[in-house]
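Protein chains in written order, with this note's numbering: chain A, 575 to 819; chain B, 166 to 384.
Watch out, some of these pointers could steer you wrong.
Unchecked claim - A partial selection of chain A residues facing chain B, derived with a Cβ cut-off under 10 Å:
hint, residue
1, M626
2, N644
3, G681
4, D702
5, M739
6, F776
7, L784
8, D789
9, K793
10, L797
11, N799
12, R805
13, G809
14, T811
15, Q815
These aren't lab readings, by the way, just hints derived from the structure by calculation. Built from N, CA and C at the ideal position, the CB exists for glycine as well.
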Amino acid sequence: MARTLTFHIFRYNPQDPDSTPHMQDFVLEETANMTLFIALNRLREEQDPGLMFDFCCRAGICGSCGMVVNGRPRLACQTKTKDLPETITLLPLPVFKLIGDLCVDTGTWFREMYTRTESWIHTSQPFDPAKEEARMDNAVAEAIYEMERCIECGCCIAACSTARMRPDFLGAAGLARIARFAVDPRDERTDKDYFELIGNDFGVFGCMGLLACEDVCPKNLPLQNQLGFLRRKMGITAVKQLLGR
Amino acid sequence: MAVSLVTVDRPETGQRGGRVDAVWDWVQVLSGLGLALFLALHTLLTASVLLGASVLNAVAGALEAVHLDTLAHWIVPVLFLVHFAAAARKVPFRVREQRALWAQARMLRHADTWAWIFQAASGMAVLLLGVMHMWTTINAGAIEAAASAARVQSGGWVVLYLLLAPLGQAHAVIGVYRAGVKWGFIQDACRAQAVRLGLYVLAGGLVLSLAALVRYATL
Ligand code: HEM
Ligand code: SF4
Ligand code: SF4
Ligand code: FES
Numbered sequence: 575m576a577r578t579l580t581f582h583i584f585r586y587n588p589q590d591p592d593s594t595p596h597m598q599d600f601v602l603e604e605t606a607n608m609t610l611f612i613a614l615n616r617l618r619e620e621q622d623p624g625l626m627f628d629f630c631c632r633a634g635i636c637g638s639c640g641m642v643v644n645g646r647p648r649l650a651c652q653t654k655t656k657d658l659p660e661t662i663t664l665l666p667l668p669v670f671k672l673i674g675d676l677c678v679d680t681g682t683w684f685r686e687m688y689t690r691t692e693s694w695i696h697t698s699q700p701f702d703p704a705k706e707e708a709r710m711d712n713a714v715a716e717a718i719y720e721m722e723r724c725i726e727c728g729c730c731i732a733a734c735s736t737a738r739m740r741p742d743f744l745g746a747a748g749l750a751r752i753a754r755f756a757v758d759p760r761d762e763r764t765d766k767d768y769f770e771l772i773g774n775d776f777g778v779f780g781c782m783g784l785l786a787c788e789d790v791c792p793k794n795l796p797l798q799n800q801l802g803f804l805r806r807k808m809g810i811t812a813v814k815q816l817l818g819r
Numbered sequence: 166m167a168v169s170l171v172t173v174d175r176p177e178t179g180q181r182g183g184r185v186d187a188v189w190d191w192v193q194v195l196s197g198l199g200l201a202l203f204l205a206l207h208t209l210l211t212a213s214v215l216l217g218a219s220v221l222n223a224v225a226g227a228l229e230a231v232h233l234d235t236l237a238h239w240i241v242p243v244l245f246l247v248h249f250a251a252a253a254r255k256v257p258f259r260v261r262e263q264r265a266l267w268a269q270a271r272m273l274r275h276a277d278t279w280a281w282i283f284q285a286a287s288g289m290a291v292l293l294l295g296v297m298h299m300w301t302t303i304n305a306g307a308i309e310a311a312a313s314a315a316r317v318q319s320g321g322w323v324v325l326y327l328l329l330a331p332l333g334q335a336h337a338v339i340g341v342y343r344a345g346v347k348w349g350f351i352q353d354a355c356r357a358q359a360v361r362l363g364l365y366v367l368a369g370g371l372v373l374s375l376a377a378l379v380r381y382a383t384l
């Protein structure tokens with residue numbers, strides 16, 4: 575039997591001086607294989623054309639549909655309504671700048687994170703387009719790819735209490751970014767260089783190990799293991815520096 | 166004037182190379198683990214009263230003979246204060262931070278996030294109660310079952326112990342788990358087991374210390 579779903583949806587348009595943050599209820603008949611992507615699009619088509627939310631790939635690839643579903647940040651396009659109770663509360667991701675309703679600007683945050691982590695391969699090798707690419711061990715390539723799978727949805731940042739309390743905290747996605755370059759043999763940066771970027775309370779030492787990032791990442795990145803790996807690496811680097819080595 | 170007097174506002178890169186932060190982080194984990202180790206031994210010592218007052222007196226006497234008590238009387242208060250100073254850097258003292266943390270915890274309903282709030286709150290409680298407890302016991306001199314029993318039976322202290330023992334133990338168990346996670350010794354594959362082990366240790370510690378309190382009350 576089809577269920578009748580009730581959506582409590584956060585509404586607010588910061589651009590409109592008359593708008594105030596409030597929750598609005600919508601009622602919708604559930605259909606087979608319904609995802610939140612389908613539900614929200616139907617709400618917009620049938621009930622309120624002004625409802626703001628983001629989607630693009632609807633396949634868990636672009637990372638634009640992150641929102642808080644019954645308390646947990648997740649991808650709306652990958653969330654089936656049949657896995658949820660009849661009452662569904664949708665909030666925009668915290669931490670990020672609100673564009674309106676469920677729509678947030680993750681782009682500016684990730685852009686700044688990439689600048690802060692200097693998210694490119696640092697090499698002194700001149701680029702020769704005619705040359706064959708340097709070969710890489712398969713295991714190393716896979717370790718890099720494991721981190722590259724991040725789709726920048728922002729769920730790990732929105733779930734992190736540290737990020738919510740301290741806006742300049744790099745967060746799991748940012749630290750995982752460093753872990754990705756740290757295993758890449760083409761990047762010539764040393765532990766000391768990485769320490770300059772993340773060896774402080776805005777970086778790895780700010781993480782309090784609450785593991786909400788690990789528990790919500792829709793792509794199941796090994797965030798817990800990478801955060802621990804980086805803390806040890808940076809902790810040891812600090813000790814070495816203090817000992818003058 | 167010296168260059169060091171200038172603070173450069175450079176938001177796009179954050180603060181670079183914070184060796185100070187790294188040192189504090191080491192201090193926090195090492196002092197926390199040191200205190201947890203002490204607390205484990207302390208729990209066993211107090212629980213030895215369950216085997217009889219004479220057993221506790223004998224164990225305490227042996228410790229005092231090698232001056233371990235004097236050592237503890239110096240090291241533990243120092244660790245306590247240092248640990249507090251280190252941990253306080255992470256505790257949200259500002260109302261804006263507290264609001265954000267509270268909203269986050271209620272939104273997420275996530276056990277590890279609640280555990281951290283409990284840890285920060287229990288830490289502050291343990292600081293107060295622990296200082297009171299240490300002040301009296303360190304000034305009291307020799308460790309004796311009769312003296313401890315008299316304190317427990319005097320009334321007020323039993324309330325303090327009933328708060329301090331569970332809060333301290335829970336804080337320590339969560340703290341060791343968190344230290345393991347933060348430094349990568351507890352990996353994702355064994356996280357559930359670590360949580361289960363922690364709960365067993367906590368249950369064991371609580372049973373031991375509560376039983377010891379009952380024994381003191383009836384000694
Ligand atoms: C003076 C009162 C205390 C306060 C305010 C306090 C506070 C805290 C806080 C807030 C944390 C978490 C910090 C973080 O995750 O970044 C922590 C960690 C910890 N605490 Fe305490 N604590 C106190 C006393 C104790 C005592 C008496 C023990 C041991 C019995 C203890 C053992 C630990 C351990 C093992 C950790 C984990 C270390 C880490 O995560 O780096 N603490 N403490
Ligand atoms: S472990 Fe916790 S504090 Fe650290 S990045 Fe993840 S959610 Fe944030
Ligand atoms: S690490 Fe996971 S949760 Fe965080 S942005 Fe990347 S895919 Fe999203
Ligand atoms: S729409 Fe692209 S990840 Fe959901």
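Hint-by-hint comparison with the structure:
no.: 1; hint: M626; verdict: 20 Å, violated
no.: 2; hint: N644; verdict: 9 Å, holds
no.: 3; hint: G681; verdict: 15 Å, violated
no.: 4; hint: D702; verdict: 31 Å, violated
no.: 5; hint: M739; verdict: 4 Å, holds
no.: 6; hint: F776; verdict: 4 Å, holds
no.: 7; hint: L784; verdict: 5 Å, holds
no.: 8; hint: D789; verdict: 6 Å, holds
no.: 9; hint: K793; verdict: 14 Å, violated
no.: 10; hint: L797; verdict: 9 Å, holds
no.: 11; hint: N799; verdict: 5 Å, holds
no.: 12; hint: R805; verdict: 6 Å, holds
no.: 13; hint: G809; verdict: 6 Å, holds
no.: 14; hint: T811; verdict: 8 Å, holds
no.: 15; hint: Q815; verdict: 6 Å, holds
Of the numbered hints given earlier, the model fails hints 1, 3, 4 and 9; all others are met.
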